[in-house]
Amino acid sequence: MFDPIRAGLASGWKHIDASTLARGQTLEFDVVIVGTGAGGGVTADILSDAGLRVVLVEEGPLRSSSDFKMREANAYPELYQESASRKTADKAINILQGRCVGGSTTVNWTSSFRTPAEVFEFWQRQFGLRQLSAESMSSWFAVMEHKLWVRPWDTPPNPNNQVLVTGSEKLAIPVGVIKRNVKGCWNLGYCGMGCPTNAKQSMLLTTIPAALNRGATLYTRLRAERLRFDGSRVSALDCMALQPDGIHPAGRRVQLRARHFVIAGGAIGSPALLLRSGVPDPYRLLGKRTFLHPVVISSALMPERIDAYAGAPQSIYSDHFLHQAPIDGPLGFKIETPPLHPVLFSTTLQGFGEAHARLMREFTQANALLALLRDGFHPESRGGQVRLGNDGLPVLDYPLGDVIWEATRRALLAMAEIQFSAGARWVSPAHETAPGYASWAEARKGISELPLKPFVCRVVSAHVMGGCGMADGPQRGVVDHRGRHFWLANLSVHDGSLFPTSLGVNPQLSIYGLVARNASLLAAELSGKPNPVIP
Amino acid sequence: MIPSRRQFIRTGLAGSLLLSLSGWLNAAGARRLSVAEREMLGALCNAMLEGMLPTDPVQRHRLVALTVDGIAVEIAGLSLAAQKEVGELFGLLVLAPARLMLAGVGQPWHAASVAEVSEFLQSWRASRLSLLQTAYGALHDLTFGAWYARPDTWEAIGYPGPPKGYF
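Chain order of the listed sequences is A and B. Using my numbering, read the first sequence as starting at 1 and increasing by one per residue. Using my numbering, read the second sequence as starting at 1001 and increasing by one per residue.
Hints are supplied without guarantee of correctness; some may be wrong.
[What the hints assert, rightly or not] Subject to a maximum C-alpha distance of 30 angstroms in a straight line, what follows is the list of computed DSS-like cross-link-like pairs (lysine-lysine):
no., chain 1, residue 1, chain 2, residue 2
1, A, 183, B, 1164
2, B, 1084, A, 91
3, A, 288, B, 1084
4, A, 69, B, 1164
5, A, 14, A, 183
By construction, these hints were calculated from the structure, which means they are not laboratory data.
Using the sequences plus the hints, can you model the full thing?
Structure follows, in structure tokens:
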């Protein structure tokens, strides 16, 4: 398999693995970009295309198809934050987040949705973001869909996703086919461990190579520590090199100076960097309103083989339960399927000993559905808060309140009913005291009475959003609609932390589209050229 | 098992005392697993993986040791803050008073039966103290993560492993 990243490195890309630095450095560029995920990748591409000298700062390693062996044991420690076991402060929610070049786009399941129109409408009403709408953004989404090969997935869904189709159809619940950012996908099912065939059009394979081909510099194993600023301008970013393990500091420091600074370290990393830097925050908004799309899970055993590890992991969705109430009413949820691999499944499955072993022996017949709860719209759903731990690293508090548990119960019921309608012989929520149910009638009664509280009911997240929210003024946001910081003139935020609420859809395409717009506006400003023709 | 109210209060008091002690003992942070910690984790694996581990004692011992090695590797991949917390938990569990009062396990770990350790795990799983619930969760995830990371465990669950060829 041709590895375009290794080929690029051989052709002279400027990549510096900071764990190998013999001494500290101070360097100057036009723009410093922190993070190489959906936001950092698109920004690097657009700014370098405008002739600007950019440097990318990535805390994780540079890994590529030659390294992607489809093994959980390698993939989680190498490619994910905290070996895929990042958690909220109280440990009630497990968070999957990428940490490698390409960020979460290197390990996501390729699901691509535009930001829904009703989300933009809510942002207009509540945060004064009148410039952003489904119409004004449609060209930017189209540009990114074209660039990243976002297309409807016309291969039949794998049996795991087919359960969602079959069960929903029997209940007259509409489902849709998910668009995926893949080119020549082999339908293997290992997207979460890094695409071994270079089919996934992640930042690792698209925007970042484009920027590197134009002479951009990429640092890996380098942690962005603190922005230095005087008055209303940022002057430098202080960084700390990490050891090859990506955990311990290596002792060397790198200072990066530039005209402009773009923060795209993800919705936990970005607010944390700004908090550490002590940037002005008179309304105390930084790190607040952090949303997770809290995910609850329902496992089923089907009468036939499912092999949920094989085939495109997410290809079917249902938005039916997002549309049962007003957007700020009781929380709606989107239903999708997760792939099941031995480590991910066994650690998510409740119980231990023989009871756990018995379920694991039926691994090949297991199906799982997930419901991602649309947080941040209901007045009582205010999300979590990123703060700094004693070591200066981010800690996320996310209280799981009544509105979440009320929606959880509806979601667990809806998923169990779909699974039984599809022919499941056994269904159980991922929940410590759920005994598992053999019929829909039994499940309906059991789930209605289940205690729902932290630790007892498993909650996970793969979508961290907010914390540096956009708004029309500094009283209710950290940045404006262009991602420009309200107090520091040459500072922008370009990642999922921009969103003032969650989205109700998997976020990658929302980040690509919004950042394509904002990076284009920034490129015009910094290069002295006219604004892009797209509005 | 639902612990009685009296047990709950006793566990709560002892727990907070012992945890503050262990925080002090382990202030230096993460380090390699000690012999005592390996014995404790071995006992936990024996209970956690009951039903998957072979009954043959020699085979069983070998696989438990491999799983404990795997747990050590997993811990090294956690954030330093999480490594410290895990270190505190392990440091606590190897202390005989904590084993007795918090876990309710009378025998030293190497001599504890699967039934005894299972009862301890279940009591933490069902505890009303979030500290014990999260400790159970960590032990659960570390053990199963280490077990199913190894290809030799896949045959028992019918997982063929990643596809081969043309790479």
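Status of the hints after comparison with the structure:
Distance check on the hinted pair: residue 183(A) and residue 1164(B) sit about 21 angstroms apart at the alpha-carbon level, within 30 angstroms; holds. Simply put, residue 1084(B) and residue 91(A) have alpha-carbon atoms about 15 angstroms apart, close enough for the 30 angstroms limit, and the pair holds. Between the alpha carbons of residue 288(A) and residue 1084(B) the distance comes to roughly 27 angstroms, so the proposed pair stays at or under 30 angstroms and holds. For the given pair, residue 69(A) sits about 10 angstroms from residue 1164(B) by alpha-carbon distance, which is consistent with the 30 angstroms threshold.
Our distance criterion of 30 angstroms between C-alpha atoms is met by residue 14(A) and residue 183(A), whose separation comes to about 27 angstroms.
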